[in-house]
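Since the structure of chain A is already known, use the hints to place chain B with the ligands on it.
Top to bottom, those sequences are chains A and B.
Each residue of the first sequence is one higher than the last, beginning at 1 in UniProt numbering.
Each residue of the second sequence is one higher than the last, beginning at 1 in UniProt numbering.
None of these hints come from the bench; they were simulated from the model.
In this text, a Cβ means the ideal position worked out from N, Cα and C, and glycines have one as well.
Check each hint, because a few of them may be wrong.
[As the list claims (entries may be wrong)] With beta-carbon atoms standing in for the labels, derived distance ranges:
hint, chain 1, residue 1, chain 2, residue 2, range
1, A, 122, B, 220, 44 to 54 Å
2, A, 122, B, 121, 17 to 27 Å
3, A, 181, B, 157, 51 to 61 Å
4, A, 72, B, 25, 22 to 32 Å
There are 2 protein chains.
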Amino acid sequence: MARLHHVPLSPFCRKVRLSLAEKKIEVDLVEERYWEADPDFLRRNPAGKVPVVRLDGKMMSESAAICEYLEETRPEPPLMPKDPEARYEVRRLVSWFDDKFHHDVTSKLLYERVNKKITGQGYPDSRNVKDGAKAIKYHLDYMAWLLDQRRWLAGDVMTLADFAAAAHLSCLDYISDVDWNRSAVVKDWYAKIKSRPAFRSILADQVSGFRPPPHYADLDF
Amino acid sequence: MARLHHVPLSPFCRKVRLSLAEKKIEVDLVEERYWEADPDFLRRNPAGKVPVVRLDGKMMSESAAICEYLEETRPEPPLMPKDPEARYEVRRLVSWFDDKFHHDVTSKLLYERVNKKITGQGYPDSRNVKDGAKAIKYHLDYMAWLLDQRRWLAGDVMTLADFAAAAHLSCLDYISDVDWNRSAVVKDWYAKIKSRPAFRSILADQVSGFRPPPHYADLDF
Ligand SMILES: N[C@@H](CCC(=O)N[C@@H](CS)C(=O)NCC(=O)O)C(=O)O
Ligand SMILES: N[C@@H](CCC(=O)N[C@@H](CS)C(=O)NCC(=O)O)C(=O)O
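So that you can see chain A by itself, here it is in the shape it has in the complex:
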């Protein structure tokens, strides 16, 4: 059985959880207080970051590398198309969410409101929260623009790009930071992905000190 060292509200961990679940790989979840820099944890990943997964007898870190490895060793069901141009688009969007969306939105809303409190770094910086709340609108509009032309974010099939996006948005939804009324296509897309069996464990997450809004786990939100 795979073992994942994670925190519940980490978009990188959630992307890996979704990929593992979609490929029906059973996983034992272990919460890791990475900010305490426990020596055992640092031995598993000298970068000191989650996710870290124990799989095929190896300790693996870096979510993009883990997801590509899963795709190469467990190709069914595929989370990446076959054609190089289509694969490029999946990877571009994964990086879009994990680099740009993460920087513009996740770090400004989730990390300010949740991570700072959990790791004892004080109160949210209201300037960052304001910037994040503004940036998420732009990002939802970009998603809406993509979804006006495509069934899923990277094309006509569900891919890792959808999981990367849903990983970020679900963390933000946990703290009520997503306005689902902004775009009907984005809401429909999220409803589709939320109803997959792979999403169940994410909808069941509970972080002490932070209670999710009732719509968080509701498939009919």
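Positioned in the frame of chain A, the structure of chain B with the ligands alone reads:
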């Protein structure tokens, strides 16, 4: 012919330049003042970041996605091994440099000393510079530890992981921020990669207002 929108001292752009050159794809370099957010540039990449490459009639952004695409469409010479575990290690290290090294070192030294000046954001923050100078030692030691066990960073053949690392280090070397005396194996590794034809254009870079030290372009440094 490919066209690359770039800035000379960007590790992400240099990684793509090295991959293109190693695969003998001729490229027309266009300097892009991305911080001026020119509408034409934003049309090419709504993320507003370099590198952006025009290749096979498509405009492509995100260096990791571009390099994977190059590997899939121009497999010779390979910059990635065939075995999934070995490929995982290449990708883990690319992310190590582009995420962790970038955050700990490049953003604290290069962006403070160079990017701030070029983009008119004032003077380096001495706290960041101090942290970056401390962190690069830890990173060079990590590289030395890897290179004590392997000929190249990810294993016994040169890969994209070496290009990612060399892209960051060469930018820092341009501003004299790498202590090559810290580790003989790291210096030998850099000498090997520096002498490749693919590195020539990088060693010829000139950024106005910043003169590289004489050893920067010297193969026998
Ligand atoms: N590039 C890494 C990023 C992972 C990451 O930043 N994880 C956060 C939690 S969401 C973390 O562990 N941060 C601790 C740190 O940066 O020291 C990946 O894709 O796995
Ligand atoms: N994830 C991107 C990162 C590229 C990146 O951050 N480029 C910097 C220059 S070194 C940039 O364009 N920054 C502008 C910005 O962040 O707005 C990639 O791998 O291509």
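Outcome of the hint check:
Taking the beta carbon of each, residue 122 of chain A and residue 220 of chain B are about 51 Å apart, inside 44 to 54 Å as hinted. Here the CB-CB span from residue 122 of chain A to residue 121 of chain B is close to 26 Å, well matched to the stated 17 to 27 Å. One distance hint, 51 to 61 Å for the beta-carbon pair residue 181 of chain A and residue 157 of chain B, holds here, with the actual separation near 52 Å. For the pair residue 72 of chain A and residue 25 of chain B, the beta carbons lie near 25 Å from each other, so the given range of 22 to 32 Å is met.
Figure legend: structure checked against the earlier numbered hints; every hint is met.
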